[in-house]
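Engineer: Put chains B, C and D on the given structure of chain A with help from the hints.
Residue numbers (this note's numbering), protein chains in the order written: chain A, 1 to 449; chain B, 1 to 449; chain C, 1 to 449; chain D, 1 to 449.
These are calculated hints, taken from the structure and not from any lab test.
It is possible that some hints are incorrect.
If chains are identical, the list can't say which one is meant, so a pair holds when it fits in one copy or spans any two.
Pairs of lysine-lysine, DSS-like flavour, derived with a Cα cap of 27 Å [said to hold, decoys possible]:
#1 Lys416 - Lys100
#2 Lys144 - Lys399
#3 Lys144 - Lys88
#4 Lys409 - Lys60
#5 Lys396 - Lys60
#6 Lys60 - Lys207
#7 Lys399 - Lys356
#8 Lys88 - Lys416
#9 Lys191 - Lys60
#10 Lys380 - Lys100
#11 Lys207 - Lys100
#12 Lys409 - Lys144
#13 Lys92 - Lys60
#14 Lys416 - Lys380
#15 Lys380 - Lys92
#16 Lys191 - Lys399
#17 Lys100 - Lys396
#18 Lys207 - Lys144
#19 Lys60 - Lys356
Protein chains: 4
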Amino acid sequence: MTVNPADSEIFGGLYGTEEMRGVFADTALLQRMLDVEAALARVEARLGIIPATAAEAIAKAARLDQIDFEAVAAGARLSGYPAAALAKSLGKAAGGEAAKYVHWGATTQDIVDTALVLQIRDGLALIERDLRALVAALAQQAAKHRDAVMAGRSFLQQALPITFGYKCAVWLSPFLDHLDRLRELRPRILKAQLGGAVGTLASLGEKGRAVTVALAEELGLATPDAPWHVARDGIAETGSFLGLVSGSLAKLATDVILLAQTELGEVAEPAEAGRGGSSTMPQKRNPIASTYIVAAARGVHALLPLLFTAMAQDQERASGAWQSEQLALPQMFLLTAGALAQAVPLAAGLEVDAAKMRANLDLTEGLILSEAVMMALAEKIGRDAAHHQVTEAAAKAAKSRRPFAEVLKAVPEIRKHLDDAALARALDPAHYLGEAGAVIDRVLARARR
Amino acid sequence: MTVNPADSEIFGGLYGTEEMRGVFADTALLQRMLDVEAALARVEARLGIIPATAAEAIAKAARLDQIDFEAVAAGARLSGYPAAALAKSLGKAAGGEAAKYVHWGATTQDIVDTALVLQIRDGLALIERDLRALVAALAQQAAKHRDAVMAGRSFLQQALPITFGYKCAVWLSPFLDHLDRLRELRPRILKAQLGGAVGTLASLGEKGRAVTVALAEELGLATPDAPWHVARDGIAETGSFLGLVSGSLAKLATDVILLAQTELGEVAEPAEAGRGGSSTMPQKRNPIASTYIVAAARGVHALLPLLFTAMAQDQERASGAWQSEQLALPQMFLLTAGALAQAVPLAAGLEVDAAKMRANLDLTEGLILSEAVMMALAEKIGRDAAHHQVTEAAAKAAKSRRPFAEVLKAVPEIRKHLDDAALARALDPAHYLGEAGAVIDRVLARARR
Amino acid sequence: MTVNPADSEIFGGLYGTEEMRGVFADTALLQRMLDVEAALARVEARLGIIPATAAEAIAKAARLDQIDFEAVAAGARLSGYPAAALAKSLGKAAGGEAAKYVHWGATTQDIVDTALVLQIRDGLALIERDLRALVAALAQQAAKHRDAVMAGRSFLQQALPITFGYKCAVWLSPFLDHLDRLRELRPRILKAQLGGAVGTLASLGEKGRAVTVALAEELGLATPDAPWHVARDGIAETGSFLGLVSGSLAKLATDVILLAQTELGEVAEPAEAGRGGSSTMPQKRNPIASTYIVAAARGVHALLPLLFTAMAQDQERASGAWQSEQLALPQMFLLTAGALAQAVPLAAGLEVDAAKMRANLDLTEGLILSEAVMMALAEKIGRDAAHHQVTEAAAKAAKSRRPFAEVLKAVPEIRKHLDDAALARALDPAHYLGEAGAVIDRVLARARR
Amino acid sequence: MTVNPADSEIFGGLYGTEEMRGVFADTALLQRMLDVEAALARVEARLGIIPATAAEAIAKAARLDQIDFEAVAAGARLSGYPAAALAKSLGKAAGGEAAKYVHWGATTQDIVDTALVLQIRDGLALIERDLRALVAALAQQAAKHRDAVMAGRSFLQQALPITFGYKCAVWLSPFLDHLDRLRELRPRILKAQLGGAVGTLASLGEKGRAVTVALAEELGLATPDAPWHVARDGIAETGSFLGLVSGSLAKLATDVILLAQTELGEVAEPAEAGRGGSSTMPQKRNPIASTYIVAAARGVHALLPLLFTAMAQDQERASGAWQSEQLALPQMFLLTAGALAQAVPLAAGLEVDAAKMRANLDLTEGLILSEAVMMALAEKIGRDAAHHQVTEAAAKAAKSRRPFAEVLKAVPEIRKHLDDAALARALDPAHYLGEAGAVIDRVLARARR
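For reference, chain A alone in the conformation it holds in the complex (with noise of 0.2 Å):
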C-alpha cells in the first residue's frame, strides 16, 4: 500500500525500477545506518577508543535482520528520527557491554547522512551503467541511420532534410557530457559525515580527526575538511545532476512521441505483443515508455528548488530544511533510473520507417529545397536575383499545391540556367545535408573515447 506511484507494487515498472527502489529504500537506509555503525565501532577500536570485543559484536549485529523493527519506527515517531532507536536496537542485538559502544561520539546526521552517501554512491553506480548502455544503443542508431533523410523540424514545421542518424547523435551528444559531469560529482559528494551534535566532534577530544579519516577509508569514502551537516551544495548538485539526465532523456521521448504521430509515423516504440496497444482502436500503437519518462522527468525537475532551497539551513543542523531533502533526492534517484530504464530498450529497439520518413520529406514536393535551388541558381545570376526567382516560384507552388519542380520549370529565367539534371539535384535532399554526416562522425568518435 503506498501512495507514490514510483514506490507501488502496480506503478512502479512505470515510474521506476526494483533495483533503484532496492538501493534508496528505507530498509536500505536502514542497513546502510548499521553498516556506518559498524565501520565506525570498528575504526574506533582499531583507534583504541572502545573494546575489540565491543566493535566485533556490534558488526556482527549490524544486520536489519537483528533490528526490532517496530521499536525503530516507534522511535522515529516519537525523537523525529529513526537513528537513535536504531543505535539502541543495534546494542540490545550486540549485547551486553557492546551495547554501551553503539553510536559512539556520532550524532544522528552523521550516521544518516553517510549512510545517504553510500546509497547515492550504489545509485550513482546504476546511473551510470545506464547511461553508457543508452549511449551504446544511440551510436548504433547513428550508425545504422546515418543515410536515411528525413524531415527536419522547427516550431513543428518542415524546415530543411536531416538524417535519422543526426537526429541520433544530436540525441546522443548530451549523455557525453553527463558521463563527464558524474566523473566531476563524485569526489565533491562521496565524502563521510561525522562531527557530532555541532559538526566539532568535542566528544572524540584529541581523536576525532582519526577518527573521521578511518572511517572515511573503511567506507571508500573521501574525507571533508569540515562538516557539511549544514552545507548541502553536494547534494543539490547530486539532484542538479539527475535533472539534466532526466532532461535529456525527456528530449529524446518528446521527439519519439512525435514522431510515432499517426500522421508521422517515422518511428514507433519497439513491438511487444500487447505494448501501449488497445483492443477496440487496432490502428494505435501508443508511445508508453516515451510517455513515461517526459512524466518522470517532469517529477525530477520538480524537485529541485526543493533540494535548493533547503540549502539555507540554520545554524549548526536545520529545522525543517533537512528534513525536506529527504523528499525530494531519494525520489529523483528512482524517477531518473525509471526513465532510464524505458530509454534503453526504445533507443536500442526503435523501429524506424526510413520509406515513411522520404514520404513526409516529399509532402511539400520540393518546397523544403528551395534554398539549395536558390544557392544552385545563385551561382549562376547572382544571389539577389536568384532570391527573387526562387522565393516568388516557392509562394506560387505553396499556394497553387503544384509540385514546386513543375514550377520552377515554367519559370524561363530558372529553366535557362538550371537543366533537368541540374534541378533534380538540388532537389534531392540527400545534396543538402550539410554537416549532417560530420556531426555523427565527430560525436560517435567522442562515444568511443
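Structural biologist: Chains B, C and D alone, transformed into the frame defined by chain A:
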C-alpha cells in the same frame, strides 16, 4: 520497502498519516476503480444497456480480494495502465456472460479519473475534519492567552508589544478562509468522468448522457457539462488548496520553532516522554512537530508546478502530462494530512510560558515602548517636540544600555510633563496593544459561525 | 535596459502587454502607494486625527510628478524599502505643517500591501475582460465548426472521430470555471491592510478600527477581520488563479501547435503579413502566438512555489519571505496578460482547414471507425462474434495497408450482414460522434449565462 | 517602468546589480548579437565566402547606435524574434552591397545562442570576482574570530559550544567548491552555436565546419561537436550553478538574521547611517542585506524547473521550451549577482559581539556542557555510572533553574572525583571545541590555494 518517506512504515508517521495513506494508496485506487466499474454496470443495467444479471455479478465481484493482483501489475507495466488488466480480472471474477459487460463503453481514463475523484472526496473530508479541529484548538488558545503580553517582532527584531492570544488569532484567521475555499472547490472537482476514448462517448450511442448522469448520481458526484480528460483545472485547483492549507500551517510552525529557541523559550511543543529529547544534551527539547510541518509544506509546494504545467495536455488524451499528475496530487494530500496531524495536537497542547514572554519583552528595558512614550508626551508638547525628545532619549538608552525609564526621567523636558505614574503607564505594554483584543474577538466570532 | 524579457521594449510585446505593465510597474506601485497615503490622510482628517488642511495638502501632493524619484530610490537601497523615503518626499511636496501628518500611524507594509491590492484589482479587471473576449471567440468557433469532423487523438495517435467545434467547447469549458473562481477570489484578496508595525495599530489608539474601516471604504476595498501582513493566503491564491488561467491557455496553444504541424495542417494561426514567416523557407508558417503562450504559462507556473513557500512568514513581519513575493506576483500577472493577449486574436482568427481535417481522418482508410463497424455488426451477430470478426479484419487492413472497407467486404460473415449502405454508414465518421454536439450545446448555453 | 523588481530603478539595487544588468539587459543582448554578426561576417570574408569589403562594412555598422530600435521591436513582435529585423537594420546601416551578406548562412537561434554565451561568459566573470571577494572576507572573519566561543545550535536549541571562526569556516567551505564547479562548467557552456535552420549548416556547403571553427575562435569560444539548439544541458547546468551559489549565500544570510535577533544580539549587519533603521522604533536594526539575499536565492531556485523542463525541446528547434529559457536564466544571473553584492560587504563588515555570544552560551548556566562533564567523570568512574550521575544532575538543574555547577557540586559521587578545578575545566566551553580550530585551519589552507 518504500523510497518515499511519506509512504514508509518507518518515516511515514512523520510526514503523513495512515488514514490518508488508506485513501490514496495504490490499492485504494484499484478498489475505487472497481467501485466505479460496479456503479457503471449497475446504471447500464438499469438503462437496459447490459443485462441485469451481468451487472449483479460484476458488482459482486468488484472487490480487491477477488482480483489477480499480479496480473494487474503485469498489465500496467505492459500497456501503461492497470485499467484493462483490472477489467479483465474483474470479468474473470464476475464469470461467464458477465465478463463481456465489464467496462462497457468506458475508457481507461474514465475509470481512473472518477476513481480519483472519489479519493479526493474522502481526502478532502479528512482535511476538513482536521481543519475544524485546528480552528477549535487555536480559538481556545487565543481566548486563553488573550492578555499574555509579549514582544511582536519584525525582521526578528523586537518591534512593539502584542499578546499571544492575538498571535493565535492571526494564525487562525486564514484557516477560516480555507474552509470557505473548500466549500467552493468541491462542486468544481467532485464530478464524474465518462467519455470514452475521445470524450464523445460514441460507443454508447444515444444513451451516453443518460449513463453519465446516472453514474454520477450513483456515486454521489456532479455531472460535468463537458468531459475533462484534458481540462485539468479542477485537479490543479485541488492541489492549490492543499498548498494554501500547508502554507498556513508552515507559518504557524515557523513561529513555534522561533519562539521555542533556547534564548526565547516562550513556547515549547507539548511534552511527551522522549519527544524531541536528546539523551546527551538534556537541555534540549527539539520542536519536532513544527520541523516536519515545515518540511511537509515545502514538499507540497514544490509539486504545484508539476500539476499546473500538466494542464497543457495534448489533444484529446495526453502523452506525458496526465501521467505526471499521479506524481503530485496523492503525495500532496498525504503531506498535507501529515502536517495537519502534527499541527492539531501541537496547537492544542502548546506549552506557553507567559512569564518568559514578559521577560523577553522587558529585555530592552522599555525601549520597545518608545512610540508609546512619544504619543503620551505629544499630547502635552506636540508631536514634533515629543518625537525629538523621545528619539534622543531612546538613542541614549540604547547606547548606554541603561533602562529607558531611567533615561527618560533624567530629561527635564520630559520629567516636567510626565510624572512617574504617567511614565509608568506609557511604559506598560498592556496599555499599548491597540486592536489586539478586538482582532481576537472578530476572529473568534467568525470561527464560531 | 531590462533583463526580464516581459519588461523589455524589444521582447515585451511577446511575453506581456503594455497595459498590464502599466498596472504593475514600479512607478505604478509608487503612485498606488501615494494614492493610499492620500486616502489615509483624508480619512484621518475626517475622523479628527489630523488637520483637514494637512490632508488636503497631502492629497494634492500625492502625484508621482511631485516626488523626488532619486531620493526614493536611494532610500529604498538604504532602508530596504521605498516607503519611508516616499513619505518623506510626499511630505516635502505637501509642505510645512502637512509634512508631519504623512503616513500617520501606518507602517511600510500597510502602504505597500494596500497599494498592491489596488494593483491586483486593476490587474484582475484586465484579466476578466480578456477572459470574456476569449470565451466569446471560442464560443463562436465552436458554433461555426460544429460539424467539421476530424480525428480525435490520444497519445497523439488517431483514436476516434470528433468535430472541431467539440474541441473548441472542450477548450472553452474551463474558462467558464475561471470566471467563477474570479468572482469568489475577489472578496478574499481585495482587502485593505492597516496595522502598524505589528498589526495592532496601537499608534492610533482607540481610533484604529475606525480608520481602517474608513480607509477601506475610501478605496473601495473590504476591511479584514485581522491584519494579513503575515497571512498571505490571499496573495498565493491570486497567483494560483493566474496559474489556472495560463494553464488552460497552454492547453489550447499546445493543440494549435500540434494541429498546425506541416503533416497535419488542420489549423494555422491567423495570417498577418510577415507573422511567423521565414524568408528562406517559404513553406513555413510558425505558430508564434501559441509558442509564446506556452512559454508564458510555464513562466507563471514556475513561480507558484515561490509564492506559496513565502506563506511561511516569520513572526509579525517577515525577513525574506515577504520580499520574495515581489519576484513572483507582478511577473505572473504580466505573463498571464501576455498569454491572453496572444490567445484572444488567435482564438478569434484561427484558420481552420476542414478539408484537411477530413483528409487526415481518412488517412487510416476507415480503421479509425472499427469500433463503429463492430457496434453495427454486433446488432446482427452478437458482440462477441462481431468483436472477433472486426478485430481480425482491422489487423489485416493495418498490416496490408489496404482500405478497411475493402478488407471488410471481403469477409463473408461481415458481407452477409452489412450491405454497402450499412457499411458506408458505419464507416461515416459523422455517424459516430456521440455526445460531441451535445457537449457543444451545453457549454455554449453555460457561456451565454 | 518595469514590473520585475530586479530590473527596477527603484528596487533594482536591492535585488540585483547595475553591472549584471548591463550584461544581461535586452540592449546588451542586441549588442552581443551584433558582435556575433560582425564576427561571422569577418570569418566568412576570411574564408572567401563573402567579400572583404562587405565584412568590413558590416563590422563597422554593428553598433547599437546604428540600429533602428523601433524597427527591431516591431520585427520581434511580428516574427517572434528580433534577429531578422536586427539583421535587416544592420544591413541598412552597412549599406548597399554589404547588406546582402549580413547573417550569411546563419539562423536566428545561432545568433541568439552565441550572443547568450557571450553574456554568460561576462556574467560568470562577475560572479567569480565576487565569489573570490566573499571567500577572502569569510577567511578573514574565520581567522579573526577563531577563539570566540558561542553556542552551537541544532533545531535552534543550544547544543554544544563552537566558535564564531568555526562557523565562518563552515560558511566558507562550499564557496571553494563553487569555484571548482565554475572551472569545470566553463568549457561545457562557452561554445559557439552555428548550424542554420536545422543544425546541418547546409547553406554553407562544404565550408560549414570551417566557418564554425573560425567563428568560435574569433569570439574566444569553444567549437561544439554537434549543434546544441535543442540540447540545453549546458544552459540548465549554468542555472544550477547559480542556484548552488545562491543557496550557500542563503545559508549565511539565514544564520545572520537568526544571530541578529534582539534576544541573541550576537551579530549585526554592518552599520551604515539609516541602514535597516526605523525612525519610530530606535531599538531596531533590521538585517536588510540578509533579508534580500534570502529573497533573491528563493527567486533563483524557483526558476530551476523552468530551465530543466525546457530541456524537452521538440525536434530540431523548439516551439515554446526555448522561448521559456529567457524567462529564467538572465533573471537568475541578476538575482545571484544581487545576492553576492549584498553578501560581500556583509561578510566583510559583519559586527560581531563576542561578549554577547559568551553570555548566551552561559544562559543555561553550564548545562550545555553536560556532555563534557560526563566525559571527565567517565575517566574516573566509567561511562555508565558517569552518564547516570550527570544526566540526573542535568535534569535537576534544568528543572530547578539553578546553575549546573552548583547542582553538580551537591552530588557527593561527583564531588568525590571532580574537584573545583576539574569541574571548572569541564565546564569551560573553550576546552570542549574538538575539531573547531582544525576545521578553520583546513578550510583556510584550501582557501589560500
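Engineer: Each hint: holds or not?
Structural biologist: Hints, verified against the model:
1. Lys416 - Lys100: between (99 Å within a copy, 24 Å between copies)
2. Lys144 - Lys399: between (38 Å within a copy, 25 Å between copies)
3. Lys144 - Lys88: neither (60 Å within a copy, 41 Å between copies)
4. Lys409 - Lys60: Neither: 87 Å inside a copy, 41 Å across copies.
5. Lys396 - Lys60: neither (84 Å within a copy, 38 Å between copies)
6. Lys60 - Lys207: Classified as within; 24 Å inside a copy, 69 Å across copies.
7. Lys399 - Lys356: Both, since 25 Å and 15 Å are each at most 27 Å.
8. Lys88 - Lys416: For Lys88 and Lys416, the Cα distance exceeds 27 Å both inside one copy (94 Å) and across copies (31 Å).
9. Lys191 - Lys60: For Lys191 and Lys60, only the intra-copy Cα distance (25 Å) is at most 27 Å; the inter-copy one is 54 Å.
10. Lys380 - Lys100: This pair counts as between: shortest inter-copy Cα distance 17 Å, intra-copy 93 Å.
11. Lys207 - Lys100: For Lys207 and Lys100, only the intra-copy Cα distance (19 Å) is at most 27 Å; the inter-copy one is 66 Å.
12. Lys409 - Lys144: neither (36 Å within a copy, 41 Å between copies)
13. Lys92 - Lys60: within (12 Å within a copy, 50 Å between copies)
14. Lys416 - Lys380: within (10 Å within a copy, 67 Å between copies)
15. Lys380 - Lys92: between (92 Å within a copy, 26 Å between copies)
16. Lys191 - Lys399: neither (66 Å within a copy, 41 Å between copies)
17. Lys100 - Lys396: So Lys100 and Lys396 pass the 27 Å test across copies only (24 Å; inside, 90 Å).
18. Lys207 - Lys144: Between copies, since 26 Å is at most 27 Å while 61 Å is not.
19. Lys60 - Lys356: neither (64 Å within a copy, 48 Å between copies)
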